[in-house]
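> Starting from the given sequences, assemble the full structure and let the hints guide the process.
Here is what each chain is made of, one letter per residue.
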Amino acid sequence: MERVEQLLAGLRKLPDTKLTLSYKAGEAVISFPDGRTQNIYIRRAGGCYVLTSRVIGSTKAGNMAPADLARRIWVRNRATDVVEFALDESDRLVGRIEQIAETLNRNELEFYLIALAQECDRLEYLLTGRDQM
Amino acid sequence: MRACIVPPHRDPLRSSFAIDGRLLEGAKRRSLIPGVARQDETIQVFNRLLDGLSSTWAIEWIGKRSEISRSGVAHLADGSVLRAQVLLGGTRRQTFHVTLRTSAIGGHVLLQCSSPVGKIARDDDSTIAEVQSAHQRLGRAKLSALVDEEDDTLALSAESHVLFVPATTQLAEVENAVFSAVTCADELERRVFQTDELQEDWGADEPGA
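Respectively, the protein sequence lines represent chains A and B.
Take 1 as the starting number for the first sequence in this note's numbering and just add one per residue.
Take 1 as the starting number for the second sequence in this note's numbering and just add one per residue.
Wrong hints could be hidden among the right ones.
Unchecked claim - Per label pair, the in silico range of CB-to-CB distance:
#, chain 1, residue 1, chain 2, residue 2, range
1, A, F32, B, R83, 41 to 47 Å
2, B, E67, A, S58, 44 to 50 Å
3, B, V36, A, T103, 18 to 24 Å
4, B, R14, A, G26, 49 to 55 Å
5, A, R36, B, I43, 37 to 43 Å
No lab work stands behind these hints: they were computed from the structure.
Using N, Cα and C, we set each Cβ at its ideal position, and we do this for glycine too.
Shown next, in the form of structure tokens:
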């Protein structure tokens, strides 16, 4: 995680956007101009960094029929670049991006943070109409 | 009743209120991707990286729709793409399509790899739930569906993307994108559909692809 700490050191605003960022120990909080926020968790898995952000929790996801939820996720994935929506091992609906750790540079990390925050926030709003951390 | 026609304003608009000059300077923001690569450089790097891929791994190119779009077949065994020299009998094969496209967010160039999994009837809830569960256990690549209204099916593909910047994108990133999509698609095909068919890539002709 040392590389991520270095790439995000001193970064408070994400370029080409009005998004602000705070980062501490593998957790980035992205704030939108309207006050909505999206938490992104960054971890190392083998040779990759995995960026994950929750869309809806396991209780809400569990209240939807599994096939119905799958159809919605897959069709949404078709229309979304870079971000992968899927159920994680705890049955939460999350957005995820996985990239090679060794080659990750600051521009790429910033782009992935922006894409993940915006797409997860948008899908959360579409599914629930709310913003939860 | 006669319509009131307002003549077009031909002079620069001026505010009646005092404006802080600093607000007119605009935001001096740093661009996310510095500089824009030339088109020929982008095409050259894209094709060089794909040629590098097939010289190391058991991948055959079977079609080239344009300078920024190729189809191939990967040979796999035990859930991994084989090395070029290790082509043995009994291996599995998986078609895939690699293309450059523009991202919806920021308008950046992305390299996208998609690999077909199979088709499912839209109302086949048990197979849909089975695929969802298998993909959740795999935890790899993006599973996306193209709705086919004609035969009322979902055409499933595994996809992966990487930000494509000719000056910095490396072969390892392209390998990761391709391997992620083809191994996910092949594994789902094996576990759920229990086949190994070379399927057409139903996403390749989609606008933007």
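> Now tell me if each hint is right for this structure.
Hint check:
At about 46 Å, the beta-carbon gap between A/F32 and B/R83 stays in the expected band of 41 to 47 Å. Distance hint for B/E67 and A/S58: a CB-CB separation of about 45 Å, consistent with the stated range 44 to 50 Å. Taking 18 to 24 Å as the suggested C-beta distance range, the pair B/V36 and A/T103 conforms, at roughly 21 Å. Checked against the given bound of 49 to 55 Å, the beta carbons of B/R14 and A/G26, roughly 52 Å apart, stay inside it.
About 39 Å separates the C-beta atoms of A/R36 and B/I43, a value consistent with the hinted range of 37 to 43 Å.
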